[in-house]
Amino acid sequence: MLSRVAENLFWIARYIERAESASRLLDVNYYATLEGGNLVQEQWSPLLTITGSQEEFRQHHTKADSKSVPFWLAFDLYNPSSIRSTLTQARENARSLRDRISSEMWECINKAYHELCFDTDAIMANDALHEYCNRVRDTSHLFFGIALSTLLRDEGWQFLRLGQLIERADNLLRILQVRYQKTGTSVVAEALENHRWMALLKTVSAYEAYRKRYHTRLEPQNIAEFLLLDSTFPRSVIYAVEGVRDSLKKLPNAQKIQRETNWLLARIEHAEVADLTTKDALEKMLADVNSLGGMVQSTYFHLNV
Amino acid sequence: MFGDYNPNGFFDEMFDGTEPRAQGSAEPRAHYASILERMNSIPKPEFERRRAASDLTFRNQGITFTVYGDAQGTERTFPFDPVPRIIPAAEWAHLERGLTQRVLALNAFLRDIYTNQAILADHVIPKELVLSCSNFRREVFNHKLPLGVFTHIVGSDLVRNERGEYLVLEDNLRTPSGVSYVLANRTALTRTLPGLFEGMNVRPVQHYTTVLLEVLRSLAIGKENPTVVVLTPGMYNSAYFEHAFLAQQMGVELVEGRDLFVSDGRVWMRTTTGKAQVDVIYRRLDDDFLDPVAFRKDSALGVPGLLEVYKNGKVALANAVGAGVADDKAVYAYVPKMIEYYLGEKPILGNVPTLLGWDKADLETMLSKPAELVFKAVGEAGGYGMLVGPASTSEEIKAYMEQVKANPRNYIAQPVIPLSRHPTYYPDSGKMEPCHIDLRPYILCGEKVTIIPGGLTRVALKRGSLVVNSSQGGGSKDTWVLEEAGSQTQMQQSQQQTQQRRR
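In order, the protein sequences belong to chains G and W.
Take the first sequence: its letters are residues 1 to 305, numbered as in my numbering.
Take the second sequence: its letters are residues 306 to 808, numbered as in my numbering.
Hints are supplied without guarantee of correctness; some may be wrong.
[Unchecked claim] Below, simulated BS3-like cross-link-like pairs (lysine-lysine); rule was C-alpha separation at most 25 angstroms, straight line:
(1) 580(W) <-> 249(G)
(2) 736(W) <-> 349(W)
(3) 710(W) <-> 432(W)
(4) 349(W) <-> 710(W)
(5) 250(G) <-> 580(W)
(6) 256(G) <-> 580(W)
(7) 642(W) <-> 616(W)
[Claimed, not checked] From chain W, some residues computed to sit far from chain G (all C-beta separations above 12 angstroms):
(8) 506
(9) 561
(10) 576
(11) 577
(12) 594
(13) 776
[Claimed, not checked] Across the chosen pairs, the derived CB separations fall in these ranges:
(14) 649(W) <-> 107(G): 46 to 56 angstroms
(15) 214(G) <-> 351(W): 51 to 61 angstroms
(16) 287(G) <-> 563(W): 27 to 37 angstroms
Since the hints were made in silico from the structure, they are not lab data.
The beta carbon of each residue, even a glycine, is placed where N, CA and C say it ideally should be.
One chain only, chain W, in its complex shape:
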């Protein structure tokens, strides 16, 4: 299956060197050597049988997402590639430090922006840029948050460039999705190719929901046994599977807006025996739709009066209202400066160089060479509202530039990053082919910061494509973080000791 696999000038996760590879000549990186050998030992028909069986399992389990704008409104399974992506312990330790630093700075920024605005007064970030952000919520100015945390669940997108250097592509601070696939992919791969795991010391991921529940419960300060719920826009939302999955795994109610109501200054849910009070809401609904009294009047998904209760501290929301101002794609450009300003540290993870439509000089550059750049709308997510210059026709570019000119604040542009690639199995060719990938780790912030080892590796399955979003034809992989060699021996030793004592 790996016969004529060719890194072809890109950084390849599995193979060292970028030269075209004659049969068996390029060396796999050390941490991939043993799984490569094991995969090669599985006959192709057997491999294909297992892959097809795992596809069917995903379908029967209904692990799907919904594609918007599709006439059918269909649910699709998120294609799962059985070749795992491996991150060595030292590499992960670096990412963990970098991400922790980043979320601490982002939370410091949010606390500052909604109180003193010192960073604006000190001219580190232009005031107009922040205050013109559509996700800046004046309504929660000076609101005191439990634990002082705005973003309890963060999913930052990381990519690797041609040198294999990790860069942050964007921060998702509102309602990042995809973590259910991390858990589902792990389960799927352990069933499909259990042999790959043997002796590899892959760090587990299934404790995510336990930690998530702890973080959510910790937001109900002083409440002995708080009622936590997951608020979903409903079963037609693209990430509905995940909302249901998380609620089920945490053992809490999954509610829709119509199940909740406000009275006597509290939030309640409608139950078969009357009303029951709700203390913490993990909402998978954007601010705009949360409360038709405070935000969008036409929202049928929200809970009228919710914001008032929230501001009085009688219900907690995760993530907090207003967190979106810090993941605005134009504000993103200033995160390295935030890290220096609030923490006095050098950023451990770099940003992708970003041109802001808001800035006159940048806008000129953007309009002068659009075919070389990737354009994004600042408030969008999920690959919607973006333009990949080199992959677009001149008509598409022209039409998009009209939008940019009409509302420059709403757009940014970045150089095309030659994302790292990873061998991925294609059922149609029956071969391993290189695909561009990214990585979305999930970061939980409560009293402390917890990062689940790995995250979601998304794969751009359309041959040659750089867009990994599920809505744009992406797939995903199981992502392994390996245990540090030293700590593993210790664990084995202590296990041996336990066994000896039992004897």
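So that you can see chain G by itself, here it is in the shape it has in the complex:
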């Protein structure tokens, strides 16, 4: 397979997964802030940390509030990770892959591009953000669903999977980093705490699944265990890393990167949950996941021939 094609497949998956993550992050948090009043006003700035765009945001906006942050995350073309930017980039990548992806996949992303990346000015004003976010999520589900049932299970499929899973683990770990910052005692009311953990679960599409798994209150330890270590939950970190391991088995020349993946997996599997949610541990995990991404790039996309 052409290196350029492999790289584009990897990135198209990352962009679409990123758009989906951003849409859920925005949707859940925007509506979560409506209840709870002043107590939750500080919700906005962490969203910028999660998406890693604090600094860039400050260059274009003065205040992080319920208008500027949603605009930044959804529509701002100055933000390379905004939904509009990522969908546009995904579509550009798909356009250069038109001969490789199925025409249904192409049509899905091309249609979404025309429908979701133009005339976005009135969406906030018309209270249509929720609908917009849903459509972004649907696009991602449709895209990967079509891939699941139309794409040849050749190398290309493995690169698409790798992109999707690495991006998914990366996004989840960034969210956990922010939410597990201030563990321990908290003076805020219990109801509010509950509200927050609920928002966290919903942000990663885990609320219903978590409820089925644990019949207790929303316990931070349980939530962390679920999101990091439950390999039956398709958005957990361990699910993603296991998926990376499985895809690598189908790829040539993967010995080195397989070793790194197995090592990361072993460290996650054999750790205590409490030890995984410390600041350092989350940071290390995030770095390790991203280094897997880097190794995919150097092993397959930019080799010297």
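Fit chain W to the supplied structure of chain G, relying on the hints for placement.
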């Protein structure tokens, strides 16, 4: 929708006679009679609904081209008109013979020009005219080509004049585009107006990509299972959709220059497992950009060292390097002479009379009555660099004439041909209006010559305009070639026999 349709003095493809037509008085030509009746039976709102749905399909499928020089750099869909253009069997047989003759002569010319140059020695074509052509490539002199073919994919532009006579307007021998629209338009029309096809015996076109792949594979002489690729300048090229489409339909890799490299005297592509050898390149890149070592140094689109490998016969290119010398618009004027010289035959299809800036007397005529002529730059395509005298202001003409005077070799002029017209639906008026059209058939030359029935009918959508190019606001139609009545009955009979046997 056809209410007050008026051929108004032009040759109309659908209606007989050129007189203004009172309601229902002019007769449709026989081969259009039944589709006219069927179109008239569709209520207008329903027709409009279907047309709009097909527009949206083109957009969602991303069947677009890019317009250069547009600030937006936007992709546009190529407007598709749902009224098909119909060519009767006998008419097509004539075109097929004429086009086959023409490509055989053009290839004979190219072989000659890059070896003995007998036609120049015999003074049939002026030597200076050919050798001064910017697309004449000394680099490939005496290079032996597989099958001796220079132009594997040809798209010649045909027009019909006021008498309905077909003339060749130009030959595109380098990287003619548009064939993907032929296939897309057919698919679109079968979905939009399936009823029109019933019982019409329209000849299919979708085998184009199969034949194309066969031709490309046949260029790797002696190679059991050659690797064929399509080389594109990239997704910002105006015809990118087509490059991707053809690669997908043939099931071969679509590559960019940066995906290829030369080492050990071969061409390779960069893959996830290292390098893989390439045997045949269908390049959609002009010679100039193909190899920065041999041609334009600033080309970032090409493959350094490619020409050397090509000259050693270790990779095949379609079309061959240097083919452009024969579609130079000044050399074009001599194609009828080539046909007589190489084949000893009378040309079946005529040329449009052409004045050459290169010729002193012609240049004088060109400069004396520019408002009556169409001017073209010899090396350009796609409607770029042209001037339609009657449709231009005196300032535009004056500025253009300065360019002609500065470099006469670079320009030709032709009389304005009153191109034939065809009823075309206008959503803004909700009516059928006459539009000028042309026809670009696609000719494949390998071991034999194959012409896909029909081709691309382009429509000048700007009211009154004679320019059909997509970059200049043109649209297109599905083009039908009808099966010969006799052969059809035979086919039906044999089908009936098969069915009987099955019972």
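The hints, checked one at a time:
Distance hint between residue 580(W) and residue 249(G) is fulfilled; the C-alpha atoms sit about 21 angstroms from each other, no more than 25 angstroms. Distance hint between residue 736(W) and residue 349(W) is fulfilled; the C-alpha atoms sit about 9 angstroms from each other, no more than 25 angstroms. Our distance criterion of 25 angstroms between C-alpha atoms is met by residue 710(W) and residue 432(W), whose separation comes to about 22 angstroms. For the hint linking residue 349(W) to residue 710(W), the alpha-carbon distance of about 53 angstroms lies beyond 25 angstroms, and the restraint is violated.
At most 25 angstroms may separate the alpha-carbon atoms for a hinted pair to count; residue 250(G) and residue 580(W) meet this at roughly 19 angstroms. As the CA atoms of residue 256(G) and residue 580(W) are separated by approximately 20 angstroms, the hinted pair is consistent with the 25 angstroms bound. For the proposed pair residue 642(W) and residue 616(W), the alpha carbon gap of about 30 angstroms is over 25 angstroms, so the pair is violated. Against the 12 angstroms criterion, residue 506(W) stays outside the reach of chain G, whose nearest CB is about 29 angstroms from its own CB.
The claim that residue 561(W) is not at the interface with chain G is violated, since a C-beta of that chain comes within 12 angstroms of its own (minimum 7 angstroms). For residue 576(W), the non-interface assignment is contradicted: its Cβ lies about 6 angstroms from the closest Cβ of chain G, within the 12 angstroms cut-off. For residue 577(W), the non-interface assignment is contradicted: its Cβ lies about 4 angstroms from the closest Cβ of chain G, within the 12 angstroms cut-off. Every Cβ of chain G is farther than 12 angstroms from the Cβ of residue 594(W); the closest lies at roughly 18 angstroms, confirming the non-interface assignment.
Look at residue 776(W): its CB is around 19 angstroms from the nearest CB on chain G, clear of 12 angstroms, so calling it non-interface holds up. The hinted range of 46 to 56 angstroms is satisfied by residue 649(W) and residue 107(G), whose Cβ atoms lie roughly 53 angstroms apart. Checked against the hint of 51 to 61 angstroms, the C-beta distance between residue 214(G) and residue 351(W) comes to roughly 57 angstroms, which is consistent with it. Checked against the hint of 27 to 37 angstroms, the pair residue 287(G) and residue 563(W) passes, with Cβ atoms roughly 31 angstroms apart.
The structure fails hints 4, 7, 9, 10 and 11 (numbered hints given earlier, in ascending order).
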